[in-house]
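Protein chains in written order, with the working numbering: chain H, 21 to 189; chain B, 73 to 198; chain W, 547 to 632.
These are computed hints drawn from the structure, not numbers from a lab. It cannot be assumed that every hint is accurate.
[Claimed, not checked] No more than 20 angstroms apart at the CA atoms, straight line, and that leaves these computed lysine to aspartate or glutamate pairs for EDC-like:
#: 1; chain 1: W; residue 1: Lys601; chain 2: B; residue 2: Asp139
#: 2; chain 1: H; residue 1: Lys116; chain 2: H; residue 2: Glu148
#: 3; chain 1: W; residue 1: Lys628; chain 2: B; residue 2: Asp103
[What the hints assert, rightly or not] Okay, the calculated beta carbon distance ranges per label pair:
#: 4; chain 1: H; residue 1: Ala60; chain 2: B; residue 2: Thr77; range: 47 to 53 angstroms
#: 5; chain 1: W; residue 1: Val557; chain 2: H; residue 2: Ile29; range: 39 to 45 angstroms
#: 6; chain 1: W; residue 1: Met570; chain 2: H; residue 2: Phe106; range: 21 to 27 angstroms
#: 7; chain 1: B; residue 1: His136; chain 2: H; residue 2: Leu26; range: 36 to 42 angstroms
[Stated by the list, open to error] Partner residues aside, some chain H positions facing chain B, computed with beta carbon under 8 angstroms:
#: 8; residue: Ile37
#: 9; residue: Lys116
#: 10; residue: Thr135
#: 11; residue: Ser149
Just so it is clear, the structure is predicted and the values come from calculations on it, not from any experiment. In this text, a Cβ means the ideal position worked out from N, Cα and C, and glycines have one as well.
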Amino acid sequence: MIAFILTAISAYLAYLIFTAGSWTGQELIAGGILAIIVAALTSGFHFRNNKIKCNPIRMILALLYVLIPFFIEMAKANIDVAIRVFTGKIRPGIIKYNPQLKSDFGIMLIANSITLTPGTLAVHVDEESNDLYVHLLNIAPGKEQKGSWAGKDIFSWFDLSAWVRRIAE
Amino acid sequence: MDILTLVVYILLGIGLFFNLVGIIGLLRFPDVYTRLHAETKTTTFGAIFISLSIVVHSLHQYFHANDASGLSLSIHVVLAILVLAFTNATGSHAIAQAAYNRGQKPVRAVVDKLAEVEFLEKEAEE
Amino acid sequence: MILAWNISVFVLGLLIFGATLRLMMGPTAPDRVVALDAINTLVVAIMIVLGAVYKQTVFVDVAIVYALLSFVGTLFIARFLKRNYL
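All chains, full assembly: derive it from the sequences and hints.
In C-alpha cells:
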C-alpha cells in the first residue's frame with residue numbers, strides 16, 4: 021500500500037512538472053486520475069521490497085551530489101577527453117573496480133555516474149560480488165597490474181563512491 | 073551589450089565546442105569503447121551547456137524585461153537534460169556490454185580484467 | 547540572440563553529417579549504434595534550441611519523448627547485438 025501511495029505521489033509530481041504554466045482545475049483533476057491509474061499498474065515492480073529509505077536528508081544530499089562533485093568531475097573528464105581527442109595519446113584497458121556498495125540503487129547510480137565521469141565506461145556488472153568492470157581511456161603506466169581498484173584510484177578530487185554510499189545505503 | 077548576454081554566448085560556445093570534440097573523437101578513435109567515451113561524455117556535456125545558455129537567457133529576460141514566457145520553457149529544458157543524461161549513460165553501458173559479449177576486444181589495451189571472467193558461456197546457454 | 551541560436555542549429559546539423567559518416571563506414575554493428583546514439587543526442591539538442599528560438603515549449607516536450615524513445619531503441623538494438631542476430 022505504501023508503494024502504491026509513493027508511486028502515485030511521484031507520478032502526480034512528474035505530471036505537475038510537465039504541465040507547469042498551464043494549470044487549470046480540470047487539468048489537475050485529470051492528472052490525479054492518471055497518477056492513480058499509473059500507480060495501480062506499476063507499483064508492483066517499482067519497489068521490490070518494502071524497505072524504502074525516503075529520508076529527505078538523502079534527497080538533499082542527492083541534489084548536492086549532482087550539483088557539486090559530480091559536475092566538477094564531469095567537467096574534468098570532458099576536458100581530459102577533449103585533450104586526448106586532439107593529441108591521440110590513449111592507453112585503454114578494462115579494470116576491475118569494487119565500489120563497496122550493496123543496494124541495487126547504489127550500483128545503478130555509481131554505474132551511471134562512472135559512465136559520465138573520469139575517462140571511464142562501465143562494461144559489465146558482476147551480480148554476485150557487485151564488482152564493476154570499467155573501461156578506462158588512459159591508465160597510468162605501472163598501474164595496470166593492480167587487482168582491484170578503489171574509489172580514490174579512479175576519481176581525482178572527489179570520491180564519488182563514498183558520496184553514493186552516503187546517499188543510497 | 074551587458075554581461076549576461078556575454079555569458080549566454082560563452083555558454084553556447086562551450087556547448088558547441090564540446091559537441092564538435094565528441095564528433096571528432098567519434099571519427100578518430102580506433103575502437104568502439106573509446107568511441108563511446110568520446111561520444112557519450114562530450115555530447116551530453118555539450119547539450120548541458122547549450123541548455124544552460126537557454127536557461128540563463130530566460131532568467132535574464134524575466135528579471136530584465138519582466139517577460140515570464142521563458143520560465144516554463146526552462147523548466148522543461150532542465151527536465152529534458154536530466155532525461156538525456158540518464159538515458160545516455162545507460163544506453164552506452166548497454167552498447168558496451170553488447171559489444172563485449174559479441175567478442176570485440178578493446179584495441180591497444182594494456183590490461184583486460186574482464187577476459188578472466190567466464191560470463192560469455194553463461195549468456196549463451198540462456 | 548536569435549541569430550546565434552540559428553547559427554548553432556546549423557553547426558549541430560553539420561555535426562550530424564559527421565556522425566552519419568561514422569554510421570556509414572563503421573566497421574562493426576556496435577560502431578553504427580554508437581553513431582546513431584550521437585545523432586539522437588544532437589537531434590535532442592537541436593530541438594531544445596529550436597524551442598528557444600520559436601518560444602514553443604512543445605518542442606522541448608517532443609525532445610523529451612524523443613530522448614526516451616531513442617533510449618528504448620538503443621536498448622533493444624543492444625539486446626539484439628548481444629544475441630548475435632545482427
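Can you name, in rising order, the numbers of the hints this structure does not satisfy?
-> 11
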